[in-house]
Amino acid sequence: MAKFGSRVAARALCSFARILTGARALWKGCAPTLDQRIYYGNHTSHGDFVLIWASLPDALRARTRPVAGADYWETSKLRRWLIHDVLNGVVIERTRTEGKPDAVQQMIGSLEKGDSLILFPEGTRNVSDEILLPFKRGICLVASAKPTVECVPVWIENLNRVMPKGEFVPIPLLCTLTFGAPLKIEPGEDKEAFLERTRSALLALCPPRA
Amino acid sequence: MQMPNIAPPPPQLMTLFAGVFGVLLLASAIGFMLKRVLARGEPSPTIDNLNQRVSAWWVMVVALGLAFALGKFGVVVLFGFVSFVALREFVSLAYTRRGDHWALALVFFVFLPLQYVLVGIEWYGLYSILIPVYAFLALPIFAALSADTTRFFERAAKLQFALMICVYCISYVPALMMLRIPGFDGGNVLLIAWLVLVVQSSDVLQYVWGKLCGKHKIAPALSPSKTVEGFVGGVASATLLGALLVWLTPFAPWQAALIALVVNLMGFAGGLVMSAMKRDRGVKDWGTMIEGHGGMLDRLDSVIFAAPIYFHIVRYWWEP
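Just so you know, the protein sequences line up as chains L and P, in that order.
The first sequence maps to residues 129 to 338 in the working numbering.
The second sequence maps to residues 2 to 321 in the working numbering.
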């Protein structure tokens with residue numbers, strides 16, 4: 129019964145996110161296949177991973193887990209239910225904490241079970257005028273531990289305007305998600321170089337600014 | 002808003018819809034044959050686009066038909082939804098900043114619904130000035146309160162323009178339901194049907210004439226597909242159509258022709274203006290909602306510019 133409840137909630141959340149944002153998924157660099165992947169995107173709003181998750185076809189969504197920060201998602205009963213039961217998220221500590229599991233190990237563990245991940249390498253929501261913040265090292269630590277997993281950049285356009293940080297009334301603007309070509313870490317590739325490569329692949333998907 | 006007072010639809014409407022269905026059936030059959038015979042089932046951009054357009058027309062005609070069947074209530078709800086879709090397409094492409102959040106919330110959740118409620122309760126004195134006066138003053142106040150001055154003038158102007166185009170002008174279509182024309186009781190949906198049919202067929206006929214004999218580009222900087230031949234042929238034949246459909250209207254034939262000419266010219270101008278804006282933003286279409294047509298604004302640009310003028314012509318000369 130509880131499981132049925134979360135399944136219904138998941139469907140409802142998907143439809144709500146898609147209707148509100150008119151989300152359009154453009155699979156430019158790859159097709160929506162069942163390959164094991166890390167979908168990584170620009171992070172401007174709490175709705176980000178719901179939107180990536182909602183725009184995946186059903187079969188992929190069932191195997192894809194969003195990576196979310198414990199400091200936001202573990203703070204109330206509703207949020208805990210949403211992230212664990214509805215979204216099936218991997219909840220991590222944003223900073224290394226004594227006595228808490230290591231974030232990178234958690235992500236690797238989830239990949240070892242065969243799941244795909246949704247990840248925001250900027251680490252926090254971008255509210256600056258910068259287009260994209262520098263990446264944290266997590267993505268390349270995970271990628272070098274599991275080098276067969278494809279990293280797929282996903283540019284989310286406009287969602288920051290739907291729901292800016294600190295606002296609670298969403299504006300129903302149209303969003304697009306552009307999925308780029310998959311990247312893999314090369315054997316012996318420098319971690320910084322890979323980080324730069326993933327970041328510029330994501331930036332390349334950003335439409336020209338007005 | 003008054004609940005639907007479902008009067009039997011005027012008999013002319015039935016004839017009109019039968020005619021439109023006939024034309025669409027013919028178009029679907031032609032599209033089907035082209036796909037079978039010419040393209041042999043293979044993908045073909047031109048034929049596929051034609052077929053997408055025809056199926057989109059089916060959806061649009063059925064939506065209008067359902068709204069007409071529900072009377073004023075249905076028409077107000079349908080065009081309220083059309084405004085919402087158009088507005089989100091427009092604002093999505095406009096530059097806004099975090100400081101515009103509350104002004105945007107006001108646009109979507111107050112001015113858009115309020116305009117249609119006022120049209121629904123026929124409060125002409127307020128709906129004709131709500132956006133040009135009250136929104137015009139309120140929106141920059143809210144934007145200014147956020148204390149972000151970056152490109153302020155541009156942001157305020159674009160938001161006002163969005164409301165005028167996508168809400169104010171479009172709401173003049175359902176506003177036609179409130180006109181009281183002696184001897185034309187219950188015929189107001191026919192005013193809408195005539196306007197939409199004449200203006201939209203002008204678009205289609207301009208496209209057809211342009212494809213058949215278009216040589217001289219009329220505004221190459223704005224729209225590479227518009228030609229002098231398409232413009233003249235399309236506007237002339239749609240004006241003729243407007244005169245032939247005089248049995249839908251309270252006009253005399255020469256009046257129908259003259260009004261058709263005016264709305265077709267306005268429609269053509271609307272297409273040019275909206276193309277210029279798309280060029281400015283570097284996009285080809287406003288959206289992707291209607292397959293083969295682009296967005297709602299791509300389909301409606303001509304109606305948007307024609308509707309307010311048409312409303313005021315009829316209101317000034319036909320209402321006692």
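Just so you know, the hints here were simulated from the structure itself, not pulled from any lab data.
Don't take each hint at face value.
Negatives, chain P to chain L, calculated, CB over 12 Å [to be verified]:
1. Val38
2. Gly42
3. Val63
4. Leu67
5. Ala95
6. Gly100
7. Ala104
8. Tyr135
9. Gly188
10. Val233
11. Leu259
12. Gly288
Simulated crosslink set (DSBU-like; lysine-lysine; CA at most 30 Å straight-line) [as the list claims (entries may be wrong)]:
13. Lys156(L) x Lys218(P)
14. Lys241(L) x Lys205(L)
15. Lys319(L) x Lys264(L)
16. Lys293(L) x Lys159(P)
17. Lys156(L) x Lys36(P)
18. Lys285(P) x Lys159(P)
19. Lys312(L) x Lys264(L)
20. Lys212(P) x Lys285(P)
Covered stretches of chain P (in silico footprint by chain L; criterion: 3 or more residues with CB under 8 Å from a CB of chain L, positions within the stretch not fixed) [unchecked claim]:
21. 80–94
22. 105–115
Think of the CB as a built atom: it goes at the ideal place given N, C-alpha and C, for glycine as much as any other residue.
Status of each hint after checking the structure:
{"no.": "1", "hint": "Val38", "in the structure": "32 Å, holds"}
{"no.": "2", "hint": "Gly42", "in the structure": "23 Å, holds"}
{"no.": "3", "hint": "Val63", "in the structure": "21 Å, holds"}
{"no.": "4", "hint": "Leu67", "in the structure": "20 Å, holds"}
{"no.": "5", "hint": "Ala95", "in the structure": "8 Å, violated"}
{"no.": "6", "hint": "Gly100", "in the structure": "9 Å, violated"}
{"no.": "7", "hint": "Ala104", "in the structure": "10 Å, violated"}
{"no.": "8", "hint": "Tyr135", "in the structure": "20 Å, holds"}
{"no.": "9", "hint": "Gly188", "in the structure": "36 Å, holds"}
{"no.": "10", "hint": "Val233", "in the structure": "36 Å, holds"}
{"no.": "11", "hint": "Leu259", "in the structure": "39 Å, holds"}
{"no.": "12", "hint": "Gly288", "in the structure": "7 Å, violated"}
{"no.": "13", "hint": "Lys156(L) x Lys218(P)", "in the structure": "34 Å, violated"}
{"no.": "14", "hint": "Lys241(L) x Lys205(L)", "in the structure": "27 Å, holds"}
{"no.": "15", "hint": "Lys319(L) x Lys264(L)", "in the structure": "11 Å, holds"}
{"no.": "16", "hint": "Lys293(L) x Lys159(P)", "in the structure": "23 Å, holds"}
{"no.": "17", "hint": "Lys156(L) x Lys36(P)", "in the structure": "28 Å, holds"}
{"no.": "18", "hint": "Lys285(P) x Lys159(P)", "in the structure": "19 Å, holds"}
{"no.": "19", "hint": "Lys312(L) x Lys264(L)", "in the structure": "17 Å, holds"}
{"no.": "20", "hint": "Lys212(P) x Lys285(P)", "in the structure": "19 Å, holds"}
{"no.": "21", "hint": "80–94", "in the structure": "holds (count 5)"}
{"no.": "22", "hint": "105–115", "in the structure": "holds (count 4)"}
Against the hints set out earlier in the document, violations occur for numbers 5, 6, 7, 12 and 13.
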